[in-house]
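S.K.: All chains should be built: construct the whole structure from the sequences, respecting the hints.
Chains as they are written, first to last, in our numbering: chain E, 1 to 303; chain H, 304 to 669.
Just so you know, the hints here were simulated from the structure itself, not pulled from any lab data.
Since we're looking at a predicted model, the values are computed, not measured.
A portion of the hints provided could be inaccurate.
[Stated by the list, open to error] Here are the computed distance ranges between Cβ atoms for each label pair:
(1) R323(H) x F152(E): 55 to 63 angstroms
(2) F152(E) x D318(H): 44 to 52 angstroms
(3) L126(E) x E320(H): 28 to 36 angstroms
[Said to hold, decoys possible] Listed next, the in silico BS3-like pairs over lysine-lysine satisfying Cα-Cα at most 25 angstroms (straight line):
(4) K192(E) x K481(H)
(5) K456(H) x K480(H)
(6) K470(H) x K456(H)
(7) K456(H) x K481(H)
(8) K311(H) x K456(H)
(9) K456(H) x K376(H)
(10) K456(H) x K410(H)
(11) K311(H) x K376(H)
(12) K192(E) x K470(H)
(13) K406(H) x K192(E)
(14) K410(H) x K192(E)
(15) K485(H) x K192(E)
(16) K406(H) x K433(H)
(17) K470(H) x K485(H)
Ideal Cβ positions, reconstructed from N, Cα and C, are used throughout, including at glycine.
As a plain string of letters, each chain reads:
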Amino acid sequence: MTSMVIDKGAPTRAVKYRSVSRDRTWALRWSYFFLVLFAIFSLVPPFYMLITSLKGSTEISAATNPWWVFHPTLENYVKLLTSNQFLIFFRNSALVSILVVTITMLISVPAAFALARMRFWGSATLATGVFLTYLIPDSLLFLPLFKMFAVFDNFTGIQLINRWYALVIVYPTLTVPFCTWIMIGYFASIPKELDEAAVIDGASWFQTLTRIFIPVALPGLIAATIFAFTVSWAQFLYPLVFTTSTDQLVLPVGIITTLIKGDVYNWGQIMTGALLGAAPPLIIYAFLMDYYIAGLTAGATKG
Amino acid sequence: MADVSLRKVIKRYEDVEAVRGIDLDIADHEFVVLVGPSGCGKSTTLRMIAGLEDITGGDIMIGGDLVNDVPPKDRDIAMVFQNYALYPHMTVAENMSFGLRLKHYPKAEIRSRVDEAARMLDIAELIDRKPKQLSGGQRQRVAMGRAIVRNPKVFLFDEPLSNLDAKLRVQMRIEIKKVHQKVRTTTVYVTHDQVEAMTLADRVVVMNKGRIEQIGTPNDLYHHPATRFVAGFIGSPAMNFIPCRLEDSGGGLNIRLTDRIAFPLPPARAARYQGVTRTDRLLLGLRPEHIAELKAHPEPGIEPFEAVLDVTEPMGMETLVYFTLEGAQICGRVSPNAGARAGEPLRLAVDLNNIHLLNEVTGAVI
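M.R.: As structure tokens, then:
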């Protein structure tokens, strides 16, 4: 029995040696198999959202095939896009996200430059510390933050709770550490001689940052921007906690709180709202995808 | 343009002393090469002149001004790096003009300077390309161009040719020399390659373990090395070192290598070494070209001997022969027609007019 196995094994091995390309073909087939599997897995929910958003409320509650639209209608889209409320959610989301991205970049790019390049006492520890703050989950932070805002209100009379701009203050606690970390990795991968050449050419620290580091690290910068935008666009817990009036809500919370009334779910509009809400990040991804991937891989190997 | 002076310059990193007190005067227009094995402190010295490293002790002066605490941008120097350090997002022209643009030079002036430098370096047609579209040699030219357009007091080169292949290195070496002959800017050049040092320098500074071993013209260092380190470092193939001692013979002086082999020294040499203690352990330093095949009518001071060759290396215009003497491998240079064959004996002659005698203990040349 054993000897038979060995006898059979020998020629099989020889064949394997000859067909490196066949091995590769199989590796490719397997990877495509799993890629397709994951693609289906992640595309089914948006597809279902699209199908449902095109249905009238009678068709949604009817017991027909849920995966097909028999009477397509744009009624959900028209209703949402003409509803003042939904447009306010959209505006709030856009304002918060744009402001948060701006603030995040203004803080994390110079911070990363300083941590990556200016050797000062404790800079390495500080860089690790920046990353550690990112590991604290928002579910731990929202109560203390809420309390802080309340105390701030007591002392100054400036109300931040139930104001959309409170989110502009809160979100950077999530985005700045991670973006700083990405940018540290990216800046660290720029050869030291490049800033030495700039310094000898007469550039100040600030000029080295703006004229050399930012252009050279542009893919990383874009990756960080997309990350900050995605985080602030999709954040759910903080707006749920900090904002309550309908004119202060952002999109994710707004859709849930206004389109679900008790146990009545307005599925058509919920799906439409979610789909429209997913559009801006999707558009940004599509345009900046190449940069984003370049940024991610650079951060992965050099960080 | 300006002269550069280093006075007792020291650099200490935590517990290592990289540069241990260097005194060096570089004259205006001079091309000085710092050479030595890796870790000898040559790059650190250059970076201290540039202002990229703080100095732990001593003074550095450029053009008579003390620059110890002057930042690099105010020292009016330009530096060429080993990996070129071109700004990857800028074109060749933008790379070269970056320093001038930071100083807000008029556009026309920048343009004419860039054009002139590009013409000098033969990169005029590459002016709108990005660094990644250039070959290694072209990148090095751009890096030099970036230094030239600034018209600085001093050029600093940090192993600029190490990333190039051998053929290109020879070509760029000539290019650098040509540029220096045209612009005449004071230059400090760091390399670990002694051939580069010899071919480029007005004066060579040989460094070892953070100290200067010897400063001199290339010929000076080659023919009159001061220490065993310099004697062994300069010249390729390297100088042979053979243990020996002196002994009196009649009125003259013999140099004894082994029990069997001893050569009478020519009178001039004998007079020079008369004062050396006979029992001192000495080293005979002999360049390969002073061990050649025996000619029909040898000049005075050339003594014959026979050796069995271990290896021969035909180089075309000469053949390098290797043989063993008292356990040391000795290299000689013979004519390709001398009939040198590995494993066979060959009649050789040593030129005793050109020997160096070193103290084996101190390493000093006597």
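S.K.: Look at each hint and say if it fits the structure.
M.R.: Structure-based check of each hint:
1. Our hint of 55 to 63 angstroms for R323(H) and F152(E) holds, since their Cβ atoms are close to 59 angstroms apart.
2. F152(E) and D318(H) have their C-beta atoms about 51 angstroms apart, which keeps the hinted 44 to 52 angstroms range intact.
3. The supplied range of 28 to 36 angstroms is met by L126(E) and E320(H), whose beta-carbon atoms lie about 30 angstroms from each other.
4. Straight-line distance between C-alpha atoms of K192(E) and K481(H) comes to about 29 angstroms, which puts the hinted pair past the 25 angstroms bound.
5. With a C-alpha separation of about 17 angstroms, the suggested pair K456(H) and K480(H) falls inside the 25 angstroms cut-off, and the hint holds.
6. Pair hint K470(H) plus K456(H) does not hold up; C-alpha atoms about 31 angstroms apart against a cutoff of 25 angstroms.
7. Proposed proximity of K456(H) and K481(H) is supported: the alpha carbons are some 18 angstroms apart, at most 25 angstroms.
8. Taking the CA atoms of K311(H) and K456(H), the gap is near 22 angstroms; set against the 25 angstroms cutoff, the hint holds.
9. Restraint check for K456(H) and K376(H): satisfied, since their Cα atoms lie roughly 12 angstroms apart, inside the 25 angstroms limit.
10. For the hint pairing K456(H) with K410(H), the CA-to-CA distance comes to about 22 angstroms; that is within 25 angstroms, so the pair holds.
11. A C-alpha spacing of about 24 angstroms is found between K311(H) and K376(H), which places the hinted pair at or below 25 angstroms, so the restraint holds.
12. Of the pairs offered as hints, the one joining K192(E) and K470(H) is violated, with about 28 angstroms between alpha carbons and a cut-off of 25 angstroms exceeded.
13. Distance check on the hinted pair: K406(H) and K192(E) sit about 23 angstroms apart at the alpha-carbon level, within 25 angstroms; holds.
14. Straight-line distance between C-alpha atoms of K410(H) and K192(E) comes to about 29 angstroms, which puts the hinted pair past the 25 angstroms bound.
15. For the hint pairing K485(H) with K192(E), the CA-to-CA distance comes to about 31 angstroms; that exceeds 25 angstroms, so the pair is violated.
16. As the CA atoms of K406(H) and K433(H) are separated by approximately 23 angstroms, the hinted pair is consistent with the 25 angstroms bound.
17. Between K470(H) and K485(H) the CA atoms are separated by roughly 23 angstroms; this keeps the pair inside 25 angstroms, and the hint holds.
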